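Chain by chain, the residues run as shown.
2 protein chains.
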Amino acid sequence: MRGNACVTVGWDIGGVSTKAARLVYHQRRIKTLQTADQYFEIWKGKERLPSVLRTLSKALGPADAMAVTMTAELSDVFPTKTHGVRYVVRCVRKAFPDLPIYGLDVDGGFLDLRRPLKDPLSLAATNWLATAMLLARSRPNCLLVDIGSTTTDIIPILEGRIVARGRSDTDRLLAGELIYTGVLRTPVSAITAVLPLGHARCPVASEYFAISADVYRILGRLEPHDYSCSTPDGRGKSQAAARRRLVRMVCADAKDFSEREVIGMARFVHETQRAQIVEAMRRVVRWHRRRTLPVIATGLGSFLARDCARTLGWPVENIAVSLGRGASHHTPPVGAAYLLAEWLTER
Amino acid sequence: MRGNACVTVGWDIGGVSTKAARLVYHQRRIKTLQTADQYFEIWKGKERLPSVLRTLSKALGPADAMAVTMTAELSDVFPTKTHGVRYVVRCVRKAFPDLPIYGLDVDGGFLDLRRPLKDPLSLAATNWLATAMLLARSRPNCLLVDIGSTTTDIIPILEGRIVARGRSDTDRLLAGELIYTGVLRTPVSAITAVLPLGHARCPVASEYFAISADVYRILGRLEPHDYSCSTPDGRGKSQAAARRRLVRMVCADAKDFSEREVIGMARFVHETQRAQIVEAMRRVVRWHRRRTLPVIATGLGSFLARDCARTLGWPVENIAVSLGRGASHHTPPVGAAYLLAEWLTER
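Heads up: the sequence lines are chains A and B, in that order.
With the working numbering applied, the first sequence covers 5 to 351.
With the working numbering applied, the second sequence covers 5 to 351.
Simulated from the structure, these hints should not be mistaken for lab results.
A hint or two may mislead.
Note that the list lumps identical chains together, so a pair holds whenever it fits in one copy or between two copies.
Listed next, the in silico DSSO-like pairs over lysine-lysine satisfying Cα-Cα at most 30 angstroms (straight line) [unchecked claim]:
id	residue 1	residue 2
1	Lys62	Lys48
2	Lys259	Lys241
3	Lys259	Lys122
4	Lys50	Lys98
5	Lys50	Lys259
6	Lys122	Lys35
7	Lys35	Lys50
8	Lys259	Lys48
9	Lys48	Lys241
10	Lys50	Lys241
The structure presented is a predicted model; accordingly, all values stated were derived computationally and were not measured.
All chains, please: the whole structure from these sequences, using the hints.
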């Protein structure tokens with residue numbers, strides 16, 4: 005903290021991937037921004053978390069202070085969410101014993117993580133808040149639609165205030181502000197109960213045969229390097245491999261259908277997922293007695309968020325326009341780092 | 005084969021469990037019947053299949069011949085179902101090199117597995133056929149409802165003939181004769197998109213947090229030893245542990261709800277699953293221009309099949325009444341063993 009300058013690292017510690025952003029902050033602006041992430045399924049070895057954190061931190065460089073958001077506490081590797089939050093906080097302190105570290109809480113404040121935690125749940129699932137608070141600085145009236153690997157956040161911002169009804173995951177599910185659907189790891193059977201076969205609709209197998217990443221690979225909306233999770237069958241990420249997985253949802257082999265038919269199935273899943281998100285966007289905006297809001301599309305699935313906005317006929321903008329390219333897939337850690345820098349230099 | 009007597013072993017080689025039945029057959033009747041099974045997830049180490057087969061066979065005792073049905077070929081450990089069938093057949097031959105072994109085909113005939121396979125797919129997913137053919141011997145007019153760990157078979161039998169419209173899994177899904185829902189491993193998110201919270205309906209997380217076995221443990225319909233698959237979180241099979249898993253579907257911890265509320269959630273999932281099966285039962289029977297058929301309830305989920313019959317007001321009978329207690333959870337291997345014994349002694 006040198007006057008109004010500082011270097012902060014923000015974290016988004018999730019159940020399947022951990023993301024970090026490093027900001028050089030100077031005179032209320034981002035001077036430089038770097039991001040890094042690592043695919044790390046916490047239930048496959050939670051004791052490796054400190055080393056994952058250290059690796060990412062090393063890749064980014066030194067910092068004056070760190071800000072933590074997380075969603076990993078929901079993983080069932082922890083008996084309760086409270087256990088989860090405590091574990092993640094312990095790991096962060098272990099990885100960076102000499103740094104000031106803060107956790108973003110559900111009210112948008114920072115807690116000093118070197119002090120004993122009074123209410124661990126106030127640190128649960130605040131990554132969406134980091135994004136929304138950052139966005140509210142530049143876009144006082146908008147609808148944030150952040151589509152990630154398994155979840156979609158739909159956050160209304162009015163007159164510079166985050167007016168989301170829910171703060172906890174459960175309340176956000178109830179409000180339609182959190183939808184458990186995303187563009188990578190969502191099982192196809194959680195998006196649709198049927199797939200089109202000719203003029204019929206065939207019920208799908210409720211097996212972990214294909215995921216949304218397969219659908220968007222088939223449709224050419226994701227490149228192989230975007231498919232950053234494991235494939236359900238452990239095979240490749242080519243379009244042909246994705247088609248093989250999708251047809252297994254109706255207990256079939258790829259040779260049973262033409263390529264065009266399989267693309268038709270993928271399109272059907274995409275349209276079903278889009279309709280679900282569109283409906284939630286309508287509901288969230290209506291609740292605030294608005295008919296429309298400009299949509300800020302972000303996350304790995306920003307392409308889908310843009311599709312949804314177009315379906316609704318609402319204006320749409322990519323968050324990258326406001327924050328620069330690197331930020332758009334890493335908005336929660338960028339948000340956390342920015343908010344911390346602001347807080348440290350202005351308090 | 006001593007005149008009209010023989011000893012046969014029938015197999016049902018599935019993706020998560022392998023079941024066997026040994027029959028001493030004499031003068032067109034079952035003299036003694038033993039069954040055995042092993043929980044074996046084939047995608048976790050398919051090379052262990054021959055040893056699983058040998059272990060189960062040793063537990064049952066020697067046989068004159070064996071009959072194979074399977075569903076394991078659908079597992080995505082195999083690139084195609086054809087590969088899957090060939091692999092399973094190779095394993096059976098490897099495990100029992102000196103025995104006559106036959107595969108039940110989709111037309112209800114037996115193929116000698118010591119000869120080269122011309123059409124491997126004709127051996128895919130025939131376990132339901134073994135059950136239905138066996139049942140048709142004693143119940144010429146009925147609806148077989150076999151509810152297992154992940155699937156439900158609804159098979160109409162009229163005038164002693166199996167009048168199912170589908171033979172392949174895909175065609176059976178289309179006809180409503182195969183439903184991908186069961187009482188153990190079906191993810192709760194594949195049964196229902198919402199859970200009741202007070203007067204509201206909360207969308208569920210599409211994560212592998214809780215399965216149907218948790219629902220039926222909570223409702224006291226399954227005992228811990230019936231919960232024969234792994235738990236989603238690797239923890240225990242008590243009702244308390246099952247409740248913890250179910251509430252995680254709405255991103256909550258057990259302490260957030262009363263026990264009564266969680267039982268209400270479980271009941272809701274049960275009713276949703278029952279409604280799905282009831283609808284398919286109606287549809288299958290209607291297609292044959294009947295209003296009702298006596299229901300034969302079998303499988304690990306025969307309790308649910310009986311619930312469904314009661315909901316419809318149709319007469320219901322447990323298959324155990326016809327075949328004896330041991331048979332009811334192992335009808336496909338019992339059917340395969342019986343049909344083979346009949347075929348060997350009468351041809």
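Status of the hints after comparison with the structure:
1. In this assembly of identical chains, the alpha carbons of lysine 62 and lysine 48 lie at most 30 angstroms apart only when taken from the same copy (23 angstroms versus 36 angstroms across copies).
2. Within a single copy, lysine 259 and lysine 241 get their C-alpha atoms as close as 18 angstroms, which meets the 30 angstroms cut-off; across copies the closest is 41 angstroms, which misses it.
3. In the homo-oligomer, the alpha carbons of lysine 259 and lysine 122 lie at most 30 angstroms apart only across protomers (18 angstroms), although the nearest pairing inside one protomer, at 58 angstroms, exceeds that limit.
4. In this assembly of identical chains, the alpha carbons of lysine 50 and lysine 98 lie at most 30 angstroms apart only when taken from the same copy (13 angstroms versus 40 angstroms across copies).
5. Only between protomers do lysine 50 and lysine 259 lie at most 30 angstroms apart by alpha-carbon distance; the minimum there is 24 angstroms, versus 41 angstroms within a single protomer.
6. Taking the closest pair of Cα atoms, lysine 122 and lysine 35 never come within 30 angstroms of each other, the shortest separation being 35 angstroms inside a single copy and 69 angstroms across copies.
7. For the homomeric pair lysine 35 and lysine 50, neither the shortest alpha-carbon distance inside one copy (34 angstroms) nor that between copies (54 angstroms) is at most 30 angstroms.
8. For the identical chains of this complex, lysine 259 and lysine 48 are inter-copy neighbours only, at 26 angstroms across copies versus 35 angstroms inside a copy, given an alpha-carbon limit of 30 angstroms.
9. For the identical chains of this complex, lysine 48 and lysine 241 are neighbours both inside a copy (22 angstroms) and across copies (21 angstroms), given an alpha-carbon limit of 30 angstroms.
10. In this assembly of identical chains, lysine 50 and lysine 241 lie within 30 angstroms of each other by CA distance both inside one copy and across copies; the values are 26 angstroms within and 23 angstroms between.
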